[in-house]
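First to last, the sequence lines map onto chains A and B.
Start counting the first sequence at 1; every next residue gets the next number (the numbering used here).
Start counting the second sequence at 251; every next residue gets the next number (the numbering used here).
Simulated from the structure, these hints should not be mistaken for lab results.
From a predicted model like this one, the values you see are computed outputs, not experimental measurements.
Hints are supplied without guarantee of correctness; some may be wrong.
Claimed, not checked - The calculated lysine-lysine pairs, modelled on BS3-like cross-linking and capped at a C-alpha distance of 27 Å, are:
(1) A:K182 x B:K374
(2) B:K430 x A:K217
(3) B:K324 x A:K180
(4) A:K124 x B:K256
(5) A:K182 x B:K430
(6) A:K180 x B:K282
(7) A:K180 x B:K430
(8) B:K459 x A:K124
(9) B:K282 x A:K182
(10) B:K430 x A:K109
(11) A:K180 x B:K432
(12) B:K282 x A:K74
(13) B:K374 x A:K32
(14) B:K303 x A:K124
(15) B:K308 x A:K124
(16) B:K430 x A:K124
(17) A:K58 x B:K430
(18) A:K23 x B:K374
(19) A:K109 x B:K374
(20) A:K124 x B:K390
(21) B:K374 x A:K6
(22) B:K324 x A:K124
(23) A:K124 x B:K282
(24) B:K374 x A:K124
There are 2 protein chains.
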Amino acid sequence: MRFLIKFSYDGSNYAGYQIQPGKNTVQECLEKALTEVNNHKKTIIHSSGRTDKGVHAKAQYAHADIDVDITPNKLKRALNSNLPDDIHVIETMIVDDKFHARYNTKSKKYEYYINLGEYNPIEKNYVFQYNHELNVSAMKDAIKVFLGEHDFRAFVTDNKEKENCVRTITKATIDEIDEKLKITFEGTGFLRYQVRNMVGILIKVGENKISTEDVEKILLSKDRTKSGKTAPANGLYLCDVYYDKLNIMK
Amino acid sequence: MRFLIKFSYDGSNYAGYQIQPGKNTVQECLEKALTEVNNHKKTIIHSSGRTDKGVHAKAQYAHADIDVDITPNKLKRALNSNLPDDIHVIETMIVDDKFHARYNTKSKKYEYYINLGEYNPIEKNYVFQYNHELNVSAMKDAIKVFLGEHDFRAFVTDNKEKENCVRTITKATIDEIDEKLKITFEGTGFLRYQVRNMVGILIKVGENKISTEDVEKILLSKDRTKSGKTAPANGLYLCDVYYDKLNIMK
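Required output: the full structure, derived from the provided sequences and hints.
Below, the structure written as structure tokens:
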């Protein structure tokens with residue numbers, strides 16, 4: 001039976017989502033827990049995509065095939081009892097055998113948090129601490145540049161020349177919550193470091209170093225060297241994944 | 251010059267506030283940073299009181315005498331650059347030489363957080379995760395028992411027989427914020443484990459195992475064996491300390 005697994009994690013102590021030899025990864029922890037539950041049969045998991053070192057997930061999804069007869073609720077409990085306390089299975093669903101957690105992705109939502117207030121030690125791994133003022137209204141204007149279908153090559157780190165960098169962003173907003181900024185992006189998919197590079201350029205706008213027009217020019221240039229610093233990983237959260245053809249059988 | 255230092259910390263990785271030989275404590279980190287700033291002259295800090303292992307502080311206070319000529323702002327920056335990232339100096343103030351961060355305490359505020367919703371890995375060290383329902387309205391009724399002047403002997407762990415356990419609680423409230431409970435206590439002072447023991451008994455009320463009348467009886471019994479489990483440290487925050495005779499000179 002194919003299960004779709006919805007889970008959250010604290011990325012602070014992981015080398016990222018994806019398995020890497022000799023490193024602590026979220027995927028490896030999940031596969032170990034699944035293998036345990038699946039009568040010690042080596043079990044592979046297929047996620048909606050990777051997240052980088054230090055990035056968190058409020059809701060990430062992956063599918064895996066389980067041979068043992070188990071209900072979604074029991075699988076959730078069995079996995080959680082085999083997972084470390086910084087990874088948590090929220091829900092599992094039985095889906096049809098053709099469903100693929102990566103290929104059936106319709107869109108994804110990311111949030112990025114910047115703290116403009118006094119540094120808070122209990123949030124050290126969970127927000128980007130920014131100790132200067134930011135021109136938030138300029139940032140709110142500039143973020144609209146990213147809306148719609150664009151070639152995001154200028155905002156991708158380590159892209160291969162032939163990689164297709166065209167993506168569609170359907171939501172791009174900045175909310176002020178107390179002394180924090182919450183930057184939300186929703187779109188058909190995001191390239192490596194794209195969100196953190198877009199946040200990096202928005203911070204430059206907030207510092208009044210560049211204008212909305214400059215952001216447009218950088219986007220059109222398709223030149224990574226034109227864009228700014230990559231914002232730190234600790235402020236970034238994968239928040240949700242939306243699926244096409246998601247036929248939940250149980 | 252005597253400085254009053256307002257600071258916050260993430261208690262997760264500390265054996266508590268107070269110095270203990272061979273253990274990692276908040277006080278030791280602060281004294282090391284102060285000694286560094288105070289031209290390597292061994293500098294002692296006097297806090298408003300201790301917090302236990304795993305307990306956090308949103309605002310804790312302590313005073314120290316510094317020989318070097320330094321402004322409050324510069325002292326803040328110098329201390330923060332010598333402190334680990336889970337302790338943060340929020341503010342420093344020059345006070346008169348007779349001020350004492352412990353003896354001049356008028357009242358203190360504590361908050362305790364319980365999460366009744368889905369477990370969230372990024373909050374694992376910062377809220378008490380409770381996976382069952384609680385009768386919150388019964389808890390809101392029972393918490394009023396603690397208001398006023400009482401001998402809190404039944405809620406103190408490891409008290410000495412002759413210790414005076416009479417304290418006055420001026421505020422005791424429960425707020426529901428999304429799927430969390432925030433329990434607030436304000437009072438003239440709190441004994442060891444008192445807040446966590448009061449929360450423990452409130453949880454028993456929430457489980458419908460005991461009534462408000464039972465809480466009254468336990469309080470009047472002055473018998474620790476009558477009260478319940480100590481709630482875990484990770485949900486507890488020292489939130490503020492209020493002072494008498496606080497004469498800020500700069």
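Outcome of the hint check:
1. For a cut-off of 27 Å, the pair hint linking K182 of chain A to K374 of chain B stands: about 22 Å separates their Cα positions.
2. Using a Cα cut-off of 27 Å, the hinted pair K430 of chain B and K217 of chain A is violated, with the two alpha carbons roughly 45 Å apart.
3. Among the hinted pairs, K324 of chain B with K180 of chain A is consistent with the structure: their alpha-carbon atoms are about 25 Å apart, no more than 27 Å.
4. Restraint check: the Cα-Cα separation between K124 of chain A and K256 of chain B comes to about 18 Å, which is no more than 27 Å; the hinted pair holds.
5. Taking the CA atoms of K182 of chain A and K430 of chain B, the gap is near 21 Å; set against the 27 Å cutoff, the hint holds.
6. For the proposed pair K180 of chain A and K282 of chain B, the alpha carbon gap of about 32 Å is over 27 Å, so the pair is violated.
7. Annotation: proposed proximity of K180 of chain A to K430 of chain B holds, straight-line Cα distance about 20 Å (limit 27 Å).
8. With a CA separation close to 39 Å, the supplied pair K459 of chain B and K124 of chain A exceeds the 27 Å bound.
9. Between the alpha carbons of K282 of chain B and K182 of chain A the distance comes to roughly 36 Å, so the proposed pair goes past 27 Å and is violated.
10. For the hint linking K430 of chain B to K109 of chain A, the alpha-carbon distance of about 24 Å falls within 27 Å, and the restraint holds.
11. The hinted pair formed by K180 of chain A and K432 of chain B meets the criterion: a straight-line CA distance of about 21 Å does not exceed 27 Å.
12. For the hint pairing K282 of chain B with K74 of chain A, the CA-to-CA distance comes to about 50 Å; that exceeds 27 Å, so the pair is violated.
13. With a C-alpha separation of about 21 Å, the suggested pair K374 of chain B and K32 of chain A falls inside the 27 Å cut-off, and the hint holds.
14. With a CA separation close to 19 Å, the supplied pair K303 of chain B and K124 of chain A stays within the 27 Å bound.
15. Simply put, K308 of chain B and K124 of chain A have alpha-carbon atoms about 13 Å apart, close enough for the 27 Å limit, and the pair holds.
16. The hinted pair formed by K430 of chain B and K124 of chain A meets the criterion: a straight-line CA distance of about 21 Å does not exceed 27 Å.
17. This hinted pair checks out: K58 of chain A and K430 of chain B have alpha carbons roughly 17 Å apart, not beyond 27 Å.
18. Distance restraint check for K23 of chain A and K374 of chain B: the Cα-Cα separation of roughly 22 Å lies within the 27 Å cut-off, and the hinted pair is therefore satisfied.
19. With a CA separation close to 23 Å, the supplied pair K109 of chain A and K374 of chain B stays within the 27 Å bound.
20. Of the pairs offered as hints, the one joining K124 of chain A and K390 of chain B is violated, with about 33 Å between alpha carbons and a cut-off of 27 Å exceeded.
21. Distance check on the hinted pair: K374 of chain B and K6 of chain A sit about 18 Å apart at the alpha-carbon level, within 27 Å; holds.
22. Proposed proximity of K324 of chain B and K124 of chain A is supported: the alpha carbons are some 22 Å apart, at most 27 Å.
23. The hinted pair formed by K124 of chain A and K282 of chain B meets the criterion: a straight-line CA distance of about 21 Å does not exceed 27 Å.
24. With a C-alpha separation of about 14 Å, the suggested pair K374 of chain B and K124 of chain A falls inside the 27 Å cut-off, and the hint holds.
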